[in-house]
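Respectively, the protein sequence lines represent chains A and B. Quick note on my numbering: the first sequence kicks off at 8 and runs consecutively. Quick note on my numbering: the second sequence kicks off at 7 and runs consecutively.
None of these hints come from the bench; they were simulated from the model. Do not rely on the hints blindly, as some may be mistaken.
To be verified - Here are the simulated EDC-like pairs of lysine to aspartate or glutamate, each with C-alpha atoms no more than 20 Å apart in a straight line:
{"no.": "1", "chain 1": "A", "residue 1": "Lys111", "chain 2": "B", "residue 2": "Glu9"}
{"no.": "2", "chain 1": "A", "residue 1": "Lys56", "chain 2": "B", "residue 2": "Asp69"}
{"no.": "3", "chain 1": "B", "residue 1": "Lys89", "chain 2": "B", "residue 2": "Glu50"}
{"no.": "4", "chain 1": "A", "residue 1": "Lys111", "chain 2": "B", "residue 2": "Asp92"}
{"no.": "5", "chain 1": "A", "residue 1": "Lys76", "chain 2": "A", "residue 2": "Glu22"}
As the list claims (entries may be wrong) - Have a look at the derived ranges for each label pair, beta carbon to beta carbon:
{"no.": "6", "chain 1": "A", "residue 1": "Gln52", "chain 2": "B", "residue 2": "Ser33", "range": "17 to 27 Å"}
{"no.": "7", "chain 1": "A", "residue 1": "Glu27", "chain 2": "B", "residue 2": "Gln23", "range": "40 to 50 Å"}
{"no.": "8", "chain 1": "B", "residue 1": "Thr13", "chain 2": "A", "residue 2": "Glu27", "range": "18 to 28 Å"}
{"no.": "9", "chain 1": "A", "residue 1": "His16", "chain 2": "B", "residue 2": "Glu62", "range": "43 to 53 Å"}
{"no.": "10", "chain 1": "A", "residue 1": "Leu63", "chain 2": "B", "residue 2": "Gly78", "range": "35 to 45 Å"}
{"no.": "11", "chain 1": "A", "residue 1": "Ser87", "chain 2": "B", "residue 2": "Ile26", "range": "29 to 39 Å"}
{"no.": "12", "chain 1": "B", "residue 1": "Glu59", "chain 2": "A", "residue 2": "Gln9", "range": "19 to 29 Å"}
{"no.": "13", "chain 1": "A", "residue 1": "Ser25", "chain 2": "B", "residue 2": "Asn58", "range": "44 to 54 Å"}
{"no.": "14", "chain 1": "A", "residue 1": "Glu71", "chain 2": "B", "residue 2": "Gln47", "range": "22 to 32 Å"}
Claimed, not checked - Just a sample of chain A residues kept apart from chain B, beta carbon distances all over 10 Å, derived:
{"no.": "15", "residue": "Ile19"}
{"no.": "16", "residue": "Leu26"}
{"no.": "17", "residue": "Glu27"}
{"no.": "18", "residue": "Gln49"}
{"no.": "19", "residue": "His50"}
{"no.": "20", "residue": "Lys56"}
{"no.": "21", "residue": "Asp61"}
{"no.": "22", "residue": "Gly66"}
{"no.": "23", "residue": "Ile67"}
{"no.": "24", "residue": "Lys76"}
{"no.": "25", "residue": "Trp90"}
{"no.": "26", "residue": "Ala99"}
{"no.": "27", "residue": "Ile101"}
{"no.": "28", "residue": "Gly112"}
{"no.": "29", "residue": "Ile118"}
The beta carbon of each residue, even a glycine, is placed where N, CA and C say it ideally should be.
So the chains spell out like this:
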Amino acid sequence: AQSVSQHNHHVILSEAASLELGCNYSYGGTVNLFWYVQYPGQHLQLLLKYFSGDPLVKGIKGFEAEFIKSKFSFNLRKPSVQWSDTAEYFCAVIYGNNRLAFGKGNQVVVIP
Amino acid sequence: EPEVTQTPSHQVTQMGQEVILRCVPISNHLYFYWYRQILGQKVEFLVSFYNNEISEKSEIFDDQFSVERPDGSNFTLKIRSTKLEDSAMYFCASRGRSGNTIYFGEGSWLTVV
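Let's have the full structure, built from the sequences with the hints guiding it.
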């Protein structure tokens, strides 16, 4: 069965620190990959997406993600976080051209 | 920017009562979804809807759940007889014909007491 794995569910770091969140998926075929962010009390918002082409994807708010097909990974990175990046981050993958499957999420807390 | 809208934003209901959650997807989108997120847990797929019928549903989407697109703009999720464990944030989402980006509404918080 297709699945999306995110590790280190809780991440606490200081402002200006670098952030990397891991995402691995099990599906071996063509994938569409996403990172969504959910700020406290808000809805899911699209951070960035990968369909094809350059495996290094730039998203909003200084985030980027790298698709490594051989590792079935789509890790999210930000070189220098801000307090406003405190949120929950979800990796997601579309398979079967229909269902979007989510990972369990990473709760990120940035300390001023 | 077009967006998916959901109502109500928060509903408290007694166990056993029927609940209808409403969604207005982005106007030219063709694929519609409901997801839910129980507090502290991951976002879970419930059902997808295309061409006026359910295209896929998860094991969570049992006989107590139904979806409808009654008037060409709204997309509703009905829970016939709510249980305590139905308490969650319910997200509606939609996708257009081209591209695979799924856009989410702000969610409807359902609290079953």
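Evaluation of the provided hints:
1. Taken as a hint, the lysine 111(A) and glutamate 9(B) pair is broken in the structure, with Cα atoms around 25 Å apart against an allowance of 20 Å.
2. Between the alpha carbons of lysine 56(A) and aspartate 69(B) the distance comes to roughly 34 Å, so the proposed pair goes past 20 Å and is violated.
3. Restraint check for lysine 89(B) and glutamate 50(B): satisfied, since their Cα atoms lie roughly 17 Å apart, inside the 20 Å limit.
4. The hinted pair formed by lysine 111(A) and aspartate 92(B) meets the criterion: a straight-line CA distance of about 19 Å does not exceed 20 Å.
5. Restraint check for lysine 76(A) and glutamate 22(A): the C-alpha separation of about 31 Å exceeds 20 Å, so the hint is violated.
6. For the hinted restraint 17 to 27 Å between glutamine 52(A) and serine 33(B), the CB-CB distance of approximately 20 Å keeps it satisfied.
7. Checked against the hint of 40 to 50 Å, the C-beta distance between glutamate 27(A) and glutamine 23(B) comes to roughly 45 Å, which is consistent with it.
8. Between threonine 13(B) and glutamate 27(A) the Cβ separation comes to about 38 Å, which falls outside the hinted range of 18 to 28 Å.
9. For histidine 16(A) and glutamate 62(B), the Cβ-Cβ distance of about 27 Å falls outside the hinted range of 43 to 53 Å, so the restraint is violated.
10. At roughly 41 Å, the beta-carbon separation of leucine 63(A) and glycine 78(B) lies within the given 35 to 45 Å, and the hint holds.
11. Separation of serine 87(A) from isoleucine 26(B) is about 45 Å and departs from the stated range, judged on CB atoms against 29 to 39 Å.
12. Range check, glutamate 59(B) to glutamine 9(A): Cβ separation about 23 Å, and the 19 to 29 Å hint holds.
13. Checked against the hint of 44 to 54 Å, the pair serine 25(A) and asparagine 58(B) passes, with Cβ atoms roughly 48 Å apart.
14. A hinted range of 22 to 32 Å holds for the C-beta pair glutamate 71(A) and glutamine 47(B), which are about 27 Å apart.
15. Distance to chain B confirms isoleucine 19(A) as a non-interface residue, since its nearest Cβ pair spans about 17 Å, more than 10 Å.
16. With a least CB separation of 20 Å from chain B, leucine 26(A) remains clear of the 10 Å interface cut-off, as annotated.
17. The Cβ of glutamate 27(A) lies farther than 10 Å from every Cβ of chain B, with a closest approach of about 20 Å, so its non-interface assignment holds.
18. Look at glutamine 49(A): its CB is around 7 Å from the nearest CB on chain B, not clear of 10 Å, so calling it non-interface is violated.
19. The beta carbon of histidine 50(A) sits about 4 Å from the closest Cβ of chain B, which is not more than 10 Å, so the claim that it is off the interface is violated.
20. With a minimum CB-CB distance of about 6 Å to chain B, lysine 56(A) fails to clear the 10 Å threshold, and the non-interface call is violated.
21. Consistency note on aspartate 61(A): stated as away from chain B, and its beta-carbon is indeed over 10 Å from all of that chain's, at 17 Å minimum.
22. With a minimum CB-CB distance of about 12 Å to chain B, glycine 66(A) clears the 10 Å threshold, and the non-interface call stands.
23. No Cβ of chain B comes within 10 Å of the Cβ of isoleucine 67(A); the nearest lies about 13 Å off, and the non-interface call holds.
24. Distance to chain B confirms lysine 76(A) as a non-interface residue, since its nearest Cβ pair spans about 17 Å, more than 10 Å.
25. For tryptophan 90(A), the requirement that its beta carbon stay farther than 10 Å from each beta carbon of chain B is met, with the minimum near 23 Å.
26. The claim that alanine 99(A) is not at the interface with chain B is violated, since a C-beta of that chain comes within 10 Å of its own (minimum 8 Å).
27. With a least CB separation of 5 Å from chain B, isoleucine 101(A) falls inside the 10 Å interface cut-off, contrary to its annotation.
28. Distance check for glycine 112(A) against chain B: the nearest CB is about 6 Å away, which does not clear 10 Å, and the non-interface claim fails.
29. Distance check on isoleucine 118(A): its Cβ is at least 21 Å (rounded) from any Cβ of chain B, clearing the 10 Å threshold; non-interface status holds.
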